[in-house]
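Participant: Letter by letter, the chains look like this.
There are 2 protein chains.
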Amino acid sequence: MSDRTPIKVELRDRSYEIDVGVESLGRIGEILAPILKGKKIGLITDPVVEPLYAGRVRGSLEGAGFSVAQVLVPAGEEHKNLTELERVHEELAAARLERSSTLVALGGGVIGDMTGFAAASFLRGIDVVQVPTTLLAQVDSSIGGKTGVNIRAGKNLVGAFHQPRYVLADVETLATLPPRELRAGLAEVVKYGVILAPELFSLLEERAEAILALDREILAEVVRECAAAKARVVMEDEKEGGLRAILNFGHTLGHAVEALTEYRSFLHGEAVSIGMVFASRLSSARHGFPVADADRVAALLKRFGLPITIPGELDRGDLARAVETDKKRQADRVKFVCVEQIGKTQFELLSTEEIEETLRAT
Amino acid sequence: MSDRTPIKVELRDRSYEIDVGVESLGRIGEILAPILKGKKIGLITDPVVEPLYAGRVRGSLEGAGFSVAQVLVPAGEEHKNLTELERVHEELAAARLERSSTLVALGGGVIGDMTGFAAASFLRGIDVVQVPTTLLAQVDSSIGGKTGVNIRAGKNLVGAFHQPRYVLADVETLATLPPRELRAGLAEVVKYGVILAPELFSLLEERAEAILALDREILAEVVRECAAAKARVVMEDEKEGGLRAILNFGHTLGHAVEALTEYRSFLHGEAVSIGMVFASRLSSARHGFPVADADRVAALLKRFGLPITIPGELDRGDLARAVETDKKRQADRVKFVCVEQIGKTQFELLSTEEIEETLRAT
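Those sequence lines, one after another, are chains A and B. Residues in the first sequence are numbered consecutively from 650, following the working numbering. Residues in the second sequence are numbered consecutively from 650, following the working numbering.
For the record, the hints were derived by calculation from the structure and aren't laboratory data.
The list cannot tell twin chains apart, which means a pair is met if one copy fits it or any two copies do.
Here are the simulated DSS-like pairs of lysine-lysine, each with C-alpha atoms no more than 30 angstroms apart in a straight line:
id, residue 1, residue 2
1, Lys993, Lys951
2, Lys984, Lys689
3, Lys951, Lys804
4, Lys984, Lys688
5, Lys686, Lys984
Using the sequences plus the hints, can you model the full thing?
Facilitator: This is how it looks when you write it as structure tokens:
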């Protein structure tokens, strides 16, 4: 087994560690006991994750002397909104959480984003510990402090940068993940390989079958590599002022595909997979990304069972305009992340017309 | 006229200036032009303030090259909630505000708190400029970055620390303030004198009539002294880890009085006035605060037309329990700010029983 030392995210007074392990959930109480300020915890989870892991987490926390108030949030992106947030806040207030208390987010990205924002805003900010139970959350959303909820105008338009106090990722939880969600998470894993880590990309090509078969050792290694890559980016650019934007590789079009299909046809990772193939082709056309490498990206995503083409029924003009409402726009152009070679990124600013043109040519 | 140089609040990358002046609203565009990042502004105000000052502010901003999207929030504390916040967010998104855009809060404390939190959470944080038009907002809530909204469980339980980019206080706006609101604001003015500034306290005693007559020069001097006092406290303790709690002098009981009367009988400052007299008496009983000075505090508040006694019909037990739900509690005790002498504070931790006992003795 590879190194098990927690990964350090160094951000001055907001520094924290990411512990990627196997069967670590049952030790959460002893891990957090020396770290947290107070003894009250608000455990936020959803009705899918609760029966699987909440008992183990609560038991360990209570065994370490914490008192735990559990708050359930309905599963699903459509509940990541200000109405549910308010309900969570009311429950936290009823449970008499204090400024020294901590929220623990046990679940996937929706739980992590919402709990993170609840922690950022309850009593003007309390600590949060992320305990991601999906691959997507373990390699991406639990790390880096981006929290938020959706409004009608768009996803994650309301939120905060609020770094977690600790991240505990137990790859054992991936065993209960629906296969489609595991595959969707692999899209983000491939992303790290493409934009930041050529060795990880090669490892994924070599061990694709072992990963899909949920080999724990390889899963832990992969999650660790991704978490370390994300940690490096976050340390260099905590608030998405520059570098961090490379993590949007595949996301600019991906978000538009999700929005235009009303978040019904594709999981986030599936839409990102389509977006990454588009960004790879755009990179070949404009930044000399070898076509053979763009093919490797598409082939790997396909082996992971992910969609790689834009659905024919999506109107290219609508899609271009949907891209344009993305919050990463600068004046009237949209910033795309491209790659020159695997592991090396470039930015590209495109107008709505150029996006539509490129989409029609794809 | 006294010094007009803006007061500096030094908080590293969150530093800003407070400009206290006379008839400065009409120069807001030229003042902000060199400071703000982008050219889009969301101007948040309410239907009471809008007809009085929004035109002047918009005109000046547009004259300086800004484009301004105005969003109205209904006046009144009962609208400082997450439902209104969401509506504001939707309007900001519809107006296509970007990460480089700025919100301008034109109004009293409700507008300032809500706009501050809207700015803290829109796109995970954009800049806010506070333009307070009430005395309370000019001397207190516009400075220091405490933002938030109310939930059923309590006031300001949801929010963020989000320092403004600039504070522009024009004392000319106090001329249109209902007299009762002016007097309520004077409670916070007296507070600064009692906890931090003996000279200010003496000045208030000497010039009480000129202040009530809205003498501009004395008003500007008083607002400036208060803003400078608050700035000093915020610089030492940005996130209310210690010292800043002295600003809660009179507020612990004040909040309970407001809550128990369902925010209908008293303005915030009026409840704080009652709370300050209580805290002064408690200070005499436990911290040697001269009874003669406690009498001066009560007398000055009375000259300003403020209530100084707890309404007889409020049950002391209910009041003690209402104090106990305050968010400044530590375990099962509540922290009260006391004074040893004018300008020198002490903390006192009281249990619910001790609070009730003291209330019955008052």
